[in-house]
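Trainee: So you can see what is in the structure, the chains are spelled out below.
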Amino acid sequence: MAYFMVVLLDDKRMEKIKGTELEDKIQYMFGGELRCLNVEVSEELKDKILQEFDTARIDSRGAITDVPVAFMRELFNQVAEKKSLGPEVIEGVLAKVNEIKEMAAKESEYLPPPNIEV
Amino acid sequence: MSSLLIQRPLPHGGRLVERVIRDKEAAKKMIKGCPSYDIKPTLHYETGVPVRNVYREIMSICYGFFSPVEGSMKQAEVERILKERRLLNDWIFPYPLVFDISKEDYKKLGVGAGDRLVLNLKGKPFAILDIEEVWEIDNPEELAHKTFGTPEDNPEVVKERFNKKHPGWVIYRSLQPIVLAGKYTIINEPKFRPPFDRFWYPPRKAREEFDKRGWRTVICHQTRNVPHVGHEFLMKNAAYTGDVEPCHGILVNAIIGVKRRGDYPDEAIVEGHEAVNKGGYIKPERHLVSMCLWDMRYGNPLESLLHGIIRQNMGCTHHMFGRDHAAVGEYYDKWATQILWTKGIPSFGFPAPPTDVPYGLQIRPQNMREFSYCPTCKEMAYSETCGHKREKLSGSFLRGMVAEGVQPPSIIMRPEVYKVIVKWWKHFGYPFCNEKYVINKEKELEVDLEDL
Ligand SMILES: [Zn+2]
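Chains Y and R supply the protein sequences, listed in that same order. Quick note on the working numbering: the first sequence kicks off at 1 and runs consecutively. Quick note on the working numbering: the second sequence kicks off at 1 and runs consecutively.
Here chain Y stands alone, though its shape is the one from the complex (with noise of 0.2 Å):
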């Protein structure tokens, strides 16, 4: 089975890859009301991001899931500044593990709700 992530792409993430060869990437999905660039995820970067992040989850079509919103925040990062999907992108969010928990445990308490009026 392979594994993969799913990085969003809202307005302002689309501004940070424009031009790149990612744009060619970006997939489509619900009829194209959502742009999301796939990254995969190797058997053994899976295992280590499972064993990193208890929450971290595999939903039925492969894809790992429930991991801090840190995480998926500097896979982004990773994504812009390696201009890649390939394996040293998720290897570089791993480099950045300590950061990333340190953050992901003020994420328990508190996340910024969206400016949206409700």
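To be clear, the hints were calculated from the coordinates, so they are not data collected in a lab. Idealized CB from N, CA, C, for every residue including glycine. All the given hints hold, so there is nothing to weed out.
Just so you have them, the derived chain Y footprint on chain R, three or more residues with Cβ under 8 Å:
| # | region |
| --- | --- |
| 1 | 370–384 |
| 2 | 389–402 |
| 3 | 406–413 |
| 4 | 429–435 |
Listed next, the in silico DSS-like pairs over lysine-lysine satisfying Cα-Cα at most 27 Å (straight line):
| # | chain 1 | residue 1 | chain 2 | residue 2 |
| --- | --- | --- | --- | --- |
| 5 | R | K378 | Y | K25 |
| 6 | Y | K12 | R | K419 |
| 7 | Y | K12 | R | K423 |
| 8 | R | K392 | Y | K48 |
| 9 | Y | K106 | R | K436 |
| 10 | R | K392 | Y | K46 |
| 11 | Y | K106 | R | K165 |
| 12 | R | K165 | Y | K101 |
| 13 | R | K423 | Y | K106 |
| 14 | R | K108 | R | K74 |
| 15 | Y | K106 | R | K441 |
| 16 | Y | K101 | R | K426 |
| 17 | R | K426 | Y | K12 |
| 18 | R | K165 | Y | K48 |
| 19 | R | K389 | Y | K46 |
| 20 | R | K164 | Y | K48 |
| 21 | Y | K25 | R | K389 |
With chain Y fixed as given, assemble chain R with the ligand onto it according to the hints.
Mentor: Structure of chain R with the ligand alone, referenced to chain Y:
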């Protein structure tokens, strides 16, 4: 044609249990001179975290959700349930329900059979327990195993031995040893805090509301989740069932109780479902959101039986069941609920489905698979109909999107529902139940009480 029409079923047991005293003067007289006890949450036997509050069972019993159960069960009744899932009056029922206290509290109270005990909640008199029997749970671990079944005793559906990773098993494992058995009566009606107050439809009120709306047939959707569009389509399509016409009503019944970290807050769940009808995705005349207090036991087929009982008592004619219904982990066969309702589970006391045994249920099961987006059909498509590759909507994928602050497209989650999530996110500082929410909820509960 009238012979084709499905009539609203009687409550389970034939008569709705209602044990609520509304006359405060009468209530005061009833408790004069009686000993009292402050209801305590059931704490996890290892971690000490609250896993259950018996007040929710008292509410659901006294307002009739669990008819014909009237109180905390005697030892013989618990034993019969564990053997054949029947009450002493023969009506089917899945779980033992008991009022349990510690040996120290029992000694301090000095009560016995024939005594009336006043149960206080949040420092106010709430209910009475007329004690008929006092008995002891010698081995809570054995009780927990017998409650949910074992691979040896229930090979039809139990795949794995239950353990402390299962929240329902933990509830029974964590019970205190002394059981005070007898009928409960609420003597001081708690008031639900908003937003729960407007979703409180105990069985009598639910049936009256169905009459008002002209609903003869009603299908229930069980929930403990904020609805995404997949849920909405399940409801819309399940309601095509009925008799000579589709079900008149769709009742959403949310189970409100102890939460696990990562769940959506109960406030967002009930208001999120309401947003589906406020937004017109299902017209409000055909859709009603309600709730029932219960600390989920996650007993898949057994939970589905309780769900059938609750919703038949509320007046529903049909009930939607999906794969892994009310399940956690892989303890049960993922089709255990369907096995129960289509074939029966002999080792649980059901040689036939619960609708085909004496003293069984009348509510009809409606088995459902799932909806997901089909990019070819360009619509939410049913797994058993559409032959294309579809884009699955997993709950954890959606949770991740929400946590990242990305608004899901409206084909996944309606903007009105998302707004409800954000509303409660702003209120609690968090989109899901975190430790603070879980602890606070068990302290504050869903209700407040006035002085008697
Ligand atoms: Zn299709």
